[in-house]
Amino acid sequence: MRTPDDSTPERIVRFTVDMPESLHEQLSQVADRFGKKKAMLVRLAIVQALKDLDDDAVIG
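Taking this note's numbering, the leading residue of the sequence shown gets 5, the next gets one more, and so forth.
Source of the hints: derived by calculation from the structure; they are not laboratory data.
Treat the numbers as computed from the prediction; the structure is a model and nothing was measured.
Among these hints, one or two may not hold up.
What the hints assert, rightly or not - DSBU-like cross-link-like pairs, simulated, lysine-lysine; straight-line CA separation at most 35 Å: (1) Lys55 to Lys41; (2) Lys42 to Lys55; (3) Lys55 to Lys40.
Let the hints inform the model, and build the full structure from the sequences given.
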């Protein structure tokens, strides 16, 4: 699986995520603190979550 940082161009698709306002605010604060875009942080979180699920499937 590619990470969001890969320099090789890949077609990007868009989707919408509904979340509580408080979670969106936390995401905004973290993005500001680290100088990253919220979209990048969300992509990184998804990559990590999918990896964790794959790891659990192997162990479990």
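inquiry  = Are any of the numbered hints broken by this structure? If so, which, sorted upward?
reply    = Violated: none.
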